[in-house]
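Residue numbers (this note's numbering), protein chains in the order written: chain R, 1 to 322; chain L, 1 to 294.
Take the hints with a grain of salt, since some may be wrong.
As the list claims (entries may be wrong) - Under the rule of at most 16 Å between Cα atoms (straight-line distance), these lysine to aspartate or glutamate pairs were calculated in the EDC-like manner:
1. Lys-139/R / Asp-198/R
2. Lys-19/L / Glu-4/L
3. Lys-139/R / Glu-128/R
4. Lys-231/R / Asp-313/R
5. Lys-100/L / Glu-41/R
6. Lys-19/L / Glu-128/R
Worth flagging that the hints you see were computed from the coordinates, not collected in a lab.
Predicted model only: the values in this text are computed from it and were never measured.
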Amino acid sequence: MGERAVKLPAESMATNRARTGGRSDGARRRAWEGPLERGIEALIRLCGVSAILFVFAIFFFVVREGAGILFSGFDFVEFLFSSDWYPTSLGNVRYGVFALIVGTFSVTVLAMLIAVPFGLGGAIFISEFTSPRVRETLKIVIELLAAIPSVVWGFIGLSLMNPLIQQVFHVPIGLNVLNGALLLALMSVPIMVSIGEDALKAVPDSYREAALAMGATRWQAVHRVLLPAAKNGLLAAVLLGVGRAVGETMAVLMATGHAVNIPTSPFDPVRTLTATIAAELGEASVGSPHYQVLFVIGILLFTITFVVNLTADLIVKGRGRD
Amino acid sequence: MFTETPFIRTKRRSELVVKTVLGLMASAMVLPLVAIIAYLIVQAWPLLSLDFLLSNPTHGMRKGGVWSALLGTLYLVTTSLLIAAPIGVLAAVYLNEYAKKNLFTRIVNLAVVNLAGVPSIVHALFGLGAFVLFAGIGRSILAASLTLAIMTLPVIIASTKEALSSVPMSFREACWNVGASRWQTIRGVVLPNSISGILTGVILQVSRTAGETAPVMFTGAVFFKKIEEGNLLGYSLSDQCMALSMHLFTITTQVTDAPHALPYATAVVLLGSVLLVNATAILLRVRLRARKRW
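Working from the sequences, and respecting the hints, build out all of it.
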């Protein structure tokens, strides 16, 4: 990136501001321009911090809706470790999301087993092994692949993968962990490729030149020099893919078979945390315990993705220090 | 003449193997994209016509077209764009032009990343709790658009930031040195020079918004709503509406005896509009790169 190099550090920007005093005393200015400019700058600052406000607002309102059940003797142990999910049972209502957590993790883990090799392999190929023309084409393909809406993926899972899995593996139902994992893999590979490629691109060219000058082949250079140097960025790419997979709703809602179940094989149907909210929120009446429990699941999901994203960020930023 | 030693030959061979394997992995992404698009179009072919776009669904969504869903999506996209674009662009201006390199800025950036990472269904819960119930807007296009706007804000922020940071620092310095203030510099030099990049981000936000299902399911989209065919002003902001994404979900999971081609045709309309929007963004970027003067 040639233009990046032109950008000066923030300090020199500050001295420049100091030199010009941040405003033009020499230029003729209309009377209303000063206040108008201050107004606009205040608006810019407000929008700048809006992201923080929104993240807090999301947490606040989701907790607020779930508060009724959360702060009145909520049984966290049963919630997290029981797999009895009977939210609408007449006699004995139980809210155990263990099976849903296992469902989410089984689909995510299988998706990552498929996606990580392809994602990182694709990133390495695009960044190190190909000509600019092929690179641009592949990047466009990846962008279009990333643009496919999750509900269309879910539809593919129902209409195309379902019979395909039935035929290939001779199983009675094709809506299962494998189906959801394949869809999630296809959905998270583009993220991994583009962030992984950024991480590889961030390794200085002098590293490559030094390795090649020592007589290493391109693969040896990648394997021994680039991968260790870009390790953190690649890990972050994988984590962001995980975050995407955990939070994905429509595709897994449509493709995983929707049975509350602890899977023993990839061909078992499961239900995920996200799919449960999407499927049941419409039926639960506002303010009822069932409705509130769905918001508690929302808090759980928010927390999981928050931790995953925070970790990814810390790993990437940590790279700058060594 | 240079002759290969066995050592060199092994090196060359393993290099070739690696390159082939990695190349196959990369092209494994091309195949699903092409296959999916082709499969959907082939299956949907009997129903694809202009009439399908312009007529309402009828017979319990077993016949007819997608007009009310298409128009609903158009309303959701436009409204959320009008909300998200100014906030997103100004937020990016703050982060790139005003923010100092300190802990607070790092937290703001982290918040943007996290906002992008929050699952869409949690955004739906937020929209329901905050806009529909707390603010009392009720299930409506406005509530759904607000939810979508907040959800897609990071898309606009990220691409605008990139566009702004690609304007060379010397442009700003030149402007400051002739006595322009910071805002004058931004308005007169930085924004005009990055407008195409900003536009690309806005377009990507549109594509993202059009495809989202979960956030609108509980905040404003309904299974079925009949509106006047061909009338672009068929909805108002306080109405509930149909949405293409939700419509596809409904007819594949709730309507059991729909004709075979109907869900495929709906998927083609949805995927087609999303990819069309993305293709516009890509073309814009290619043209922009070709014209770049620095």
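Here's how the hints hold up against the structure:
With a C-alpha separation of about 12 Å, the suggested pairing of Lys-139/R with Asp-198/R holds against the 16 Å cut-off. With a CA separation close to 20 Å, the supplied pair Lys-19/L and Glu-4/L exceeds the 16 Å bound. Taken as a hint, the Lys-139/R and Glu-128/R pair is honoured in the structure, with Cα atoms around 14 Å apart against an allowance of 16 Å. Only pairs whose Cα atoms come within 16 Å are accepted, and Lys-231/R paired with Asp-313/R is accepted, the gap being roughly 14 Å.
Between the alpha carbons of Lys-100/L and Glu-41/R the distance comes to roughly 15 Å, so the proposed pair stays at or under 16 Å and holds. Annotation: proposed proximity of Lys-19/L to Glu-128/R holds, straight-line Cα distance about 10 Å (limit 16 Å).
Hint compliance for this structure: hint 2 is the single one not met.
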